[in-house]
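J.: Once you've looked at the hints, dock chain S against the given chain G.
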Amino acid sequence: MTIGLDRPEIPEIDDAQAQELPKWTQPETKQDRLVIFAWSGDLDRVWPTLILATTAAASGAAVTVFFTFWGLFPLVRNDAGITGKNVMQKMLAVMNKGGIANMGLSKLDFLGMGPWMMGKLAKEHHVASPQELLDLAKELGVRLVPCQMSMDMLGLTRDDLIDGLEEPAGAMSALAEAKEATTLFI
Amino acid sequence: MTLQTALHLDLKGLSCPLPIVRTAKAMKELESGAMVEVIATDPGSLKDFPAWCRVTGNDLVEHGAIGDAFRFVIRKR
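Same order as they appear, the protein sequences are chains G and S.
Each residue of the first sequence is one higher than the one before, counting from 76 in the working numbering.
Each residue of the second sequence is one higher than the one before, counting from -17 in the working numbering.
Any given hint could turn out to be false.
[Unchecked claim] Capping the alpha-carbon separation at 35 Å, the derived lysine-lysine pairs in DSBU-like fashion look like this:
no., chain 1, residue 1, chain 2, residue 2
1, S, Lys10, G, Lys195
2, S, Lys7, G, Lys172
3, S, Lys10, G, Lys165
4, G, Lys254, S, Lys(-6)
5, S, Lys29, G, Lys213
6, G, Lys254, S, Lys29
7, G, Lys254, S, Lys7
8, S, Lys10, G, Lys160
9, G, Lys195, S, Lys7
10, S, Lys29, G, Lys182
11, G, Lys172, S, Lys58
12, S, Lys10, G, Lys254
13, S, Lys(-6), G, Lys195
14, S, Lys58, G, Lys254
15, S, Lys10, G, Lys213
16, S, Lys58, G, Lys198
17, S, Lys(-6), G, Lys213
18, S, Lys(-6), G, Lys182
19, S, Lys7, G, Lys213
Keep in mind that the hints were calculated from the coordinates and are not lab data.
Next up, chain G with everything else stripped away, as it sits in the complex (with noise of 0.2 Å):
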């Protein structure tokens, strides 16, 4: 008995069906691949994130982010509000409120003191901000996937989630785009 461990046939498509195709389904080089899974919600890991993100996705590579665990808090909308259904999970977005615009460092965060450090000294040099990244990811056609099972455990809803981003999915389709892409776990 074989277990169900092979890879399935892909079908063969022409070219001409290949290009009605959205971009990323379309085969292309590792090199022009990019997936990150984006753990953490901290500020210090997210911006880099983005930056990454544009970045390649202005080199003309496919990109896709898949948002995990905390990394779905910045992923909330600024104005959801306390988010989730049961006392743990509203307790949780409490201390840990979603939002890009709220997000914490991972050091030196003092209470929200560092990163508001961080915003002025972003201004300062004209540094995009997380929010303006955020959208300019959109606007070029990068991938943002929530991950459905922490959106369930966390008590995060798809209208609690800010507008554009792609449908929630599971371990098994970011791992499938990841086979044939570089990949960054921040």
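T.: Okay, now just chain S, sitting in the frame of chain G:
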């Protein structure tokens, strides 16, 4: 000889990755062979533009410093 550029981008003051991202976006609309002149002040752009051209296959015709800024002339692939 003066270069015939289809587009002039003044990206002075912008930091990484905006000079690259803005240039890429602006060049999307252009025909193959079109020339673009970019002026940037981000010191990182001196390395980043040649790298971007290498990856995308666009032709970096000229690059160098003018005063405090950097100038790049790129021919679209």
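J.: Would you mind marking each hint as holding or not holding in the structure?
T.: These are the hints, each one checked on the structure:
Between the alpha carbons of S:Lys10 and G:Lys195 the distance comes to roughly 32 Å, so the proposed pair stays at or under 35 Å and holds. For the hint linking S:Lys7 to G:Lys172, the alpha-carbon distance of about 33 Å falls within 35 Å, and the restraint holds. A threshold of 35 Å between alpha carbons decides the hint, and for S:Lys10 with G:Lys165 the separation of about 45 Å lies outside it, so the pair is violated. Of the supplied pair hints, the one linking G:Lys254 and S:Lys(-6) is violated, its CA atoms being roughly 39 Å apart against a limit of 35 Å.
Pair hint S:Lys29 plus G:Lys213 holds up; C-alpha atoms about 26 Å apart against a cutoff of 35 Å. At roughly 30 Å between alpha-carbon atoms, G:Lys254 and S:Lys29 fall within 35 Å of each other, so this suggested pair holds. Among the hinted pairs, G:Lys254 with S:Lys7 is consistent with the structure: their alpha-carbon atoms are about 28 Å apart, no more than 35 Å. Simply put, S:Lys10 and G:Lys160 have alpha-carbon atoms about 45 Å apart, too far for the 35 Å limit, and the pair is violated.
Simply put, G:Lys195 and S:Lys7 have alpha-carbon atoms about 27 Å apart, close enough for the 35 Å limit, and the pair holds. The straight-line distance between the Cα atoms of S:Lys29 and G:Lys182 is roughly 30 Å, inside the 35 Å bound, and the hint therefore holds. At roughly 44 Å between alpha-carbon atoms, G:Lys172 and S:Lys58 are farther apart than 35 Å, so this suggested pair is violated. Distance hint between S:Lys10 and G:Lys254 is fulfilled; the C-alpha atoms sit about 28 Å from each other, no more than 35 Å.
Proximity of S:Lys(-6) to G:Lys195 is assessed by CA-CA distance (about 19 Å); at most 35 Å being required, the pair is judged to hold. Restraint check for S:Lys58 and G:Lys254: satisfied, since their Cα atoms lie roughly 31 Å apart, inside the 35 Å limit. For a cut-off of 35 Å, the pair hint linking S:Lys10 to G:Lys213 stands: about 16 Å separates their Cα positions. Restraint check for S:Lys58 and G:Lys198: satisfied, since their Cα atoms lie roughly 32 Å apart, inside the 35 Å limit.
The suggested pairing of S:Lys(-6) with G:Lys213 holds, with an alpha-carbon distance near 24 Å, which does not exceed 35 Å. Under the criterion of a C-alpha separation no larger than 35 Å, the hint pairing S:Lys(-6) with G:Lys182 is consistent with the structure, at around 32 Å. Annotation: proposed proximity of S:Lys7 to G:Lys213 holds, straight-line Cα distance about 13 Å (limit 35 Å).
Violation of the numbered hints given earlier is confined to hints 3, 4, 8, 11; the remaining hints are satisfied by the structure.
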